[in-house]
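A.B. asks: Each chain, written out:
Protein chains: 2
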Amino acid sequence: MALIVQKFGGTSVASTDRIKKVARRVAHWKARGHDLLVVPSAMSGETNRLIALAREISEAPDPRELDVIASTGEQVTIGLLAMALKEEGVEAISYTGPQVRVLTDSTFTKARILQIDDRKIRDDLAAGRVVVVAGFQGADENGNITTLGRGGSDTSAVALAAALNADECQIYTDVDGVYTTDPRIEPEARKLDTITFEEMMEMASLGSKVLQIRSVEFAGKYKVKLRVLSSFQDEGEGTLITVEEDKHMEQPIISGIAFNRDEAKLTVLGIPDRPGVAYRLLGPIAEANIDVDMIIQNGASDETTDFSFTVNRGEFARALEIVQATAASLGARGVLSDNKICKVSAVGVGMRSHPGIASRMFDVLGREGINIKMISTSEIKISVVVDEKYLELAVRVLHKAFGLDKKEAV
Amino acid sequence: MALIVQKFGGTSVASTDRIKKVARRVAHWKARGHDLLVVPSAMSGETNRLIALAREISEAPDPRELDVIASTGEQVTIGLLAMALKEEGVEAISYTGPQVRVLTDSTFTKARILQIDDRKIRDDLAAGRVVVVAGFQGADENGNITTLGRGGSDTSAVALAAALNADECQIYTDVDGVYTTDPRIEPEARKLDTITFEEMMEMASLGSKVLQIRSVEFAGKYKVKLRVLSSFQDEGEGTLITVEEDKHMEQPIISGIAFNRDEAKLTVLGIPDRPGVAYRLLGPIAEANIDVDMIIQNGASDETTDFSFTVNRGEFARALEIVQATAASLGARGVLSDNKICKVSAVGVGMRSHPGIASRMFDVLGREGINIKMISTSEIKISVVVDEKYLELAVRVLHKAFGLDKKEAV
Chain A
56 MALIVQKFGG
66 TSVASTDRIK
76 KVARRVAHWK
86 ARGHDLLVVP
96 SAMSGETNRL
106 IALAREISEA
116 PDPRELDVIA
126 STGEQVTIGL
136 LAMALKEEGV
146 EAISYTGPQV
156 RVLTDSTFTK
166 ARILQIDDRK
176 IRDDLAAGRV
186 VVVAGFQGAD
196 ENGNITTLGR
206 GGSDTSAVAL
216 AAALNADECQ
226 IYTDVDGVYT
236 TDPRIEPEAR
246 KLDTITFEEM
256 MEMASLGSKV
266 LQIRSVEFAG
276 KYKVKLRVLS
286 SFQDEGEGTL
296 ITVEEDKHME
306 QPIISGIAFN
316 RDEAKLTVLG
326 IPDRPGVAYR
336 LLGPIAEANI
346 DVDMIIQNGA
356 SDETTDFSFT
366 VNRGEFARAL
376 EIVQATAASL
386 GARGVLSDNK
396 ICKVSAVGVG
406 MRSHPGIASR
416 MFDVLGREGI
426 NIKMISTSEI
436 KISVVVDEKY
446 LELAVRVLHK
456 AFGLDKKEAV
Chain B
56 MALIVQKFGG
66 TSVASTDRIK
76 KVARRVAHWK
86 ARGHDLLVVP
96 SAMSGETNRL
106 IALAREISEA
116 PDPRELDVIA
126 STGEQVTIGL
136 LAMALKEEGV
146 EAISYTGPQV
156 RVLTDSTFTK
166 ARILQIDDRK
176 IRDDLAAGRV
186 VVVAGFQGAD
196 ENGNITTLGR
206 GGSDTSAVAL
216 AAALNADECQ
226 IYTDVDGVYT
236 TDPRIEPEAR
246 KLDTITFEEM
256 MEMASLGSKV
266 LQIRSVEFAG
276 KYKVKLRVLS
286 SFQDEGEGTL
296 ITVEEDKHME
306 QPIISGIAFN
316 RDEAKLTVLG
326 IPDRPGVAYR
336 LLGPIAEANI
346 DVDMIIQNGA
356 SDETTDFSFT
366 VNRGEFARAL
376 EIVQATAASL
386 GARGVLSDNK
396 ICKVSAVGVG
406 MRSHPGIASR
416 MFDVLGREGI
426 NIKMISTSEI
436 KISVVVDEKY
446 LELAVRVLHK
456 AFGLDKKEAV
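Residue numbers (the numbering used here), protein chains in the order written: chain A, 56 to 465; chain B, 56 to 465.
Just so you know, the hints here were simulated from the structure itself, not pulled from any lab data.
Please note that a few of the clues may not be correct.
No copy is singled out in the list; a pair is fine if it fits within one copy or between any two copies.
[Said to hold, decoys possible] Using 27 Å as the maximum straight-line C-alpha spacing, the simulated DSS-like pairs for lysine-lysine come out as follows:
| # | residue 1 | residue 2 |
| --- | --- | --- |
| 1 | Lys-141 | Lys-165 |
| 2 | Lys-175 | Lys-165 |
| 3 | Lys-395 | Lys-455 |
| 4 | Lys-276 | Lys-175 |
| 5 | Lys-461 | Lys-165 |
| 6 | Lys-280 | Lys-246 |
All chains, please: the whole structure from these sequences, using the hints.
C.D. replies: Pasting the structure below:
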């Protein structure tokens, strides 16, 4: 008998019929003697509907009030799911985030969980009830309703699992696990049985939208055993996200090929190379709340330097406007921009102990005539920016070159 | 400068455009220097949508979980309205029922308010904010979310007005006041400038759906000055509901003609007349949670009695089934039933000091050939049950007979 936290995403609870299916699945686990805490998202489309209502009122909705509104999506689902469980003959009770005291900071629309009061939940579990807690939400110390930002239900589930010291946190989603790459691009992509937290974080942040990155971080920090499973298949072990590399077996060097289409690149040419240039260029971008991904600085001559960075494509126009103004004031030679790019990354903890992966990657891409525009590396990841039109080709040749189509990877 | 509670019903906040209109109206009052507490209902149709979702899951939804779901309707509106107020340049903040500690008992789906903690509200008002509180909801002492039942937002508004000792509680609705009868049936119906709480309670309970009856009761008890106004007209004083009869002027004997189409009648014939018969007949009805309206018992002979009562038409079939079983077990001669009836009532505090109103009413109906099937009277109300087909005729002749079409009533 184990204590299991199960999180069901929006598509898993998209209709009352699907909620009934989720209830049957939970009832099945309960019948096997487990204690269950279930964290559902809002029915898919519901959060967008609520935010659209708010935007009809205000172009820049007040964040506190936006959270009051957006948090209702999950509140509806917990009630429906608890009812559906009772229909299955399982005792169940629902709680909103504020009700179980999921205490967060006061950063409305992207609050962080500070603490969870587990008393109510433990009492209910001890009484044999399945506890259904709304994901995505909490309350600050003054009782204001907060939400955790998009995908926040994953974080709620992991935080609850950590607070309750659960045996496993299962994330049910519309895929049956984490793949070596997107099967829509590479049909030979394989489901991974295990992946490390570090790899998962790189995969998630690079656009494999299986899990919210913050939840993975959280799970790694609190050593929560995390498993990604399909809501739509009854069988399968999914992918287990492990705290550290399995020492018993030879790790594959590369676990997966991630990619992100949603990038745009800006380059400032010939800036007088003085200390503080990077800050003066990126400061105004940060002030405008635009996230910067890759950053590269390259001396162009003794006196000037070229500076490139990438931003989310949706923020490209705004970023370009800001950079053009800054570049002019810094006396730069000009600004280049490109929003038809993509980022392709090879991820794997194995590369720590295997040098030469980067040059192999560049070689493979070069043979296909794919020009590399930017390179950035970390301990377990090598990312390149290439023309968007090469995305599929780059993913496929790298997937094959690193042997990810075979059970025994290179 | 006054403290005013304003309640806006579902049709007043049916769309984001209407919410913006409400915000402009509130801003207008605020600009005149008043302190404002605003209580909106859910957007019209929203509560029904939520309950329909619950019914897709369960034919008899768990009441606690139903409240978790149903309370989200108002939660969305308070957020939208607070945003809309900010767009109008008015500082505003929203609270759910549980957030301001609207403490209720634990009777889910029809909870009663026990106490309201006014501290947060007073602080916000003192800081110059308009406070927007969700109607219809609260929390019990264990923090469970509760709702007050249909029309409960009226009760929320009145309870908040009482707790804050507000100068006036304004109920904005889709009519511009309380009428002598439904203008759709009698075009000569007049808006009343004032009506007493007692009369209003009789009017409300008899189907003039302007105000929830419990809110009127509450307002009377706590001496809250209550006014019914139109959301859709900027001018007009509406109808003021007064604590007691205005001693300075001659009261009209009859203030209005109310009616209710939604009734059905059951008669048990020839029950052996023994003590406890009424209880044995109505006990099983009450256990089935069916509300009984009028009750009449009439001795048919020395040994047997006839017993009639009315129920809501939606519960007619269920009530009939129960009564047939009970009647058989009591040895009654038979059961008659009629679901094509209606109730028409004359209401007025003036009838206390004017005898003979009942016989006048029967005379007026008799002259039109309208057969009376049941009669029931209270101190300020005379109700008759007649064939449904006579409803409009009965309302019109009584309205005229009691001079309600004239400013100076009889």
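A.B. asks: Can you tell me if Lys-141 and Lys-165 fall within 27 Å by alpha carbon in one copy, between copies, both or neither?
C.D. replies: The answer is between: 21 Å across copies meets 27 Å, while 33 Å in one copy does not.
A.B. asks: First find the shortest C-alpha distance between Lys-280 and Lys-246 inside one copy, then the shortest across copies, and answer within, between, both or neither for a cut-off of 27 Å.
C.D. replies: For Lys-280 and Lys-246, only the intra-copy Cα distance (18 Å) is at most 27 Å; the inter-copy one is 68 Å.
A.B. asks: Using 27 Å as the alpha-carbon threshold, which applies to Lys-395 and Lys-455: within, between, both, or neither?
C.D. replies: within (25 Å within a copy, 78 Å between copies)
A.B. asks: State whether the alpha carbon distance between Lys-276 and Lys-175 is at most 27 Å within one copy, between copies, both, or neither.
C.D. replies: within (25 Å within a copy, 37 Å between copies)
A.B. asks: How would you classify Lys-461 and Lys-165 at a CA-CA limit of 27 Å: within, between, both, or neither?
C.D. replies: Neither. Shortest intra-copy (40 Å) and inter-copy (62 Å) distances fail the 27 Å Cα cut-off.
A.B. asks: If the cut is 27 Å between Cα atoms, do Lys-175 and Lys-165 qualify within a copy, between copies, both or neither?
C.D. replies: both (25 Å within a copy, 24 Å between copies)
Checked against the numbered hints given earlier, the structure breaks only hint 5 and satisfies all the rest.
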